[in-house]
Amino acid sequence: MRSGWLDDVPQRGLVLLLLLLFALILLPAFANDYLITVLILILYFAYVGQAWNLMMGLAGQLSLGHALYVGLGAYAAAALYVHFGVSPWIGLWASLAIAAAAGGAIGFLAFRFGVAGVYFAILTIAFAEFARLAFDHWSWVGGSAGFFLPVANYARNDLLNLRGSPTMFYYLLLAMTAGAFVLCHALLRSRAGYYWLAIRESPDAAQALGIDLFRYRMYVVVLSAAMTSLGGVVFAFYYNNLFPEQVFHISRSIELILAPIIGGIGTLFGPIVGAFLLTTLAEGLDEIMRAIGLDVPGVKQIFYGLCLLIVVMFLPHGVWPPLAKALRLDGEPSKDHSGC
Amino acid sequence: MPALLEISGVSKSFSGLKAVQQASFNVPEGEIVGLIGPNGAGKTTCFNLVAGVYRPDAGEIRLAGRRIDGWRPDQICRAGVGRTFQLVKPFAGLSVLENVVVGALNQSPSVRAAKEISARVIEQLELKAKQHEPAGALTLPDRKRLEVARALATGPRILLLDEVMAGLRPTETDRMVALFKDLNARLGLTILMIEHVMRAVMALSRHVVVLHHGQIIAAGTPAEVTRNPAVLECYLGEDQL
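First to last, the sequence lines map onto chains W and Y. Going by this note's numbering, the first sequence opens with residue 1, and the numbers climb by one from there. Going by this note's numbering, the second sequence opens with residue 1, and the numbers climb by one from there.
Keep in mind that the hints were calculated from the coordinates and are not lab data. Treat each hint with caution, since some may be false.
Computed cross-link-like contacts, SDA-like style, restricted to lysine to any residue with a CA-CA straight-line distance of at most 25 angstroms [as the list claims (entries may be wrong)]:
hint, chain 1, residue 1, chain 2, residue 2
1, W, K325, Y, G136
2, Y, K115, W, L14
3, Y, K115, W, L183
4, W, K325, W, L183
5, Y, K89, W, Q246
6, Y, K89, W, R215
7, Y, K18, W, D204
8, Y, K115, W, P316
9, Y, K89, W, F84
10, Y, K89, W, L183
11, Y, K89, W, F113
12, Y, K115, W, H185
13, Y, K89, W, Y219
14, Y, K89, W, V182
15, W, K325, Y, H132
16, Y, K130, W, A23
17, Y, K130, W, F113
18, Y, K115, W, F113
19, Y, K115, W, R189
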């Protein structure tokens, strides 16, 4: 991964990017409700995948507990809305703050006491599990029985309170995904971006070059946590129900990291491409299974797993790097050889 | 005026093994000092103590009069100590240029300025043709050069070189020697170097410190040191120089 590679992307690359954005903006006019819900899923995974990618792909800090930040963001904004009638646009600041604080607490514990690598990953799982158990028993937000937002009728979109049609959520997520892309692109070209890449490649060498490891690791964890929490806010207001057993579950943390892994860790397009492929694959398999009458539970999961296996085996750096080469959009002389 | 780097009575043990014992020597501003000794003498430990990787069990290390022992490596780098690693640690997935930019960002928070600094350093170390190649694809001599380039890009007052000549061909060694001579003469860069390639030590250092079993057994000009019986016995005798 070469930082700042949009510098070298040929003009037509930018044109393609804008065309893609334009197509996505126009799409709802031609898509049916089902397609919109699939697109929402794609954009949701692209967004939270990008947030996770910032931490793992750029700075090499493996989090397997990102569901924690989704959940905290979701519950914070939802609780403020349900109990106090606070608009999610204000509530999201609470989500950001709480998730950032949680990320900061995990980061502080890990980086102050030298918990690194897989041990760091275990710590992130532990915190997500703490949260799951705590929310299970916290009756103010419904406990294990779940927390529900009043369901709107879709006569009119209320953007202020995020009550409305899937199309509204589609545009919201599209804006967030585009925003995350632009933010990550800018970060990658900044001093912090270079420092994160250096820490990912070799913490010892990075430190010897004057990089305060603790500080820059804290920055990336807090930033990634905060970004992820916004995905949680949308999640809460789109689905209107939150169950600790589901929201904070480790399967959610895993689900969220698949898109960047399949798309290409440490690349800006990876999470987007990965989310598109995986969601399409999952939905497509549903259709195919139904069409051939193979509606046995578990068969879909097996095929899904096989597809992941094939991608990981044959494209260990993800789908995006070879795709970029094929589209001649890579323009980057150096490639990620770290294998992570 | 005190020496730029003062090491006084520094000791470090690793679970009973006394890696460095009561070592004291100075590196005056603008000098090139060689640190030599047989394998396992404690040279790299000495470097790691100065660079902050280890905290000394006893003794003091001062940079321009200020105590730096016990500081973290990044703080020591920011204070003006650049170091290379004997076992090179390139950022393998990043290009040569990006590697050097990471170092240069220590001098300037602006990426644009850091790139300009890096371009100069890359030119000096003859890496320009390979600047867009991933560092992981470089040959060992080029990786050694990259180590030097990165450390140099941090804008150090003193450069710690840990066997950067090892594995280079004689002509490459001569080019590297010429580079350090030039940096020393033109910019007044102070250098402390661990080196086994005596050709380089003799050409560069006016002052040599000899370490054996963690203790300094001799110090002086290269000519003096190579005549010292204790040195001949422990080091030159064994290594058939």
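To see whether the hints hold, each was checked on the structure:
1. W:K325 to Y:G136: holds (20 angstroms)
2. Y:K115 to W:L14: Holds, at roughly 24 angstroms.
3. Y:K115 to W:L183: Within the cut-off at roughly 21 angstroms; holds.
4. W:K325 to W:L183: holds (24 angstroms)
5. Y:K89 to W:Q246: violated (43 angstroms)
6. Y:K89 to W:R215: holds (21 angstroms)
7. Y:K18 to W:D204: At roughly 24 angstroms apart (the allowed maximum being 25 angstroms), W:D204 and Y:K18 satisfy the hint.
8. Y:K115 to W:P316: With a Cα-Cα distance of about 31 angstroms, the restraint between Y:K115 and W:P316 is violated, given a limit of 25 angstroms.
9. Y:K89 to W:F84: violated (55 angstroms)
10. Y:K89 to W:L183: Not OK: Y:K89 and W:L183 at ~30 angstroms, beyond 25 angstroms, violated.
11. Y:K89 to W:F113: This hinted pair holds, its Cα atoms lying about 24 angstroms apart.
12. Y:K115 to W:H185: holds (18 angstroms)
13. Y:K89 to W:Y219: holds (24 angstroms)
14. Y:K89 to W:V182: Violated - the C-alpha atoms of W:V182 and Y:K89 are around 31 angstroms apart, more than 25 angstroms.
15. W:K325 to Y:H132: Distance of about 17 angstroms is within 25 angstroms: holds.
16. Y:K130 to W:A23: Distance ~40 angstroms between Y:K130 and W:A23 Cα, so the pair is violated.
17. Y:K130 to W:F113: violated (39 angstroms)
18. Y:K115 to W:F113: Status violated; Cα separation ~34 angstroms.
19. Y:K115 to W:R189: Distance of about 12 angstroms is within 25 angstroms: holds.
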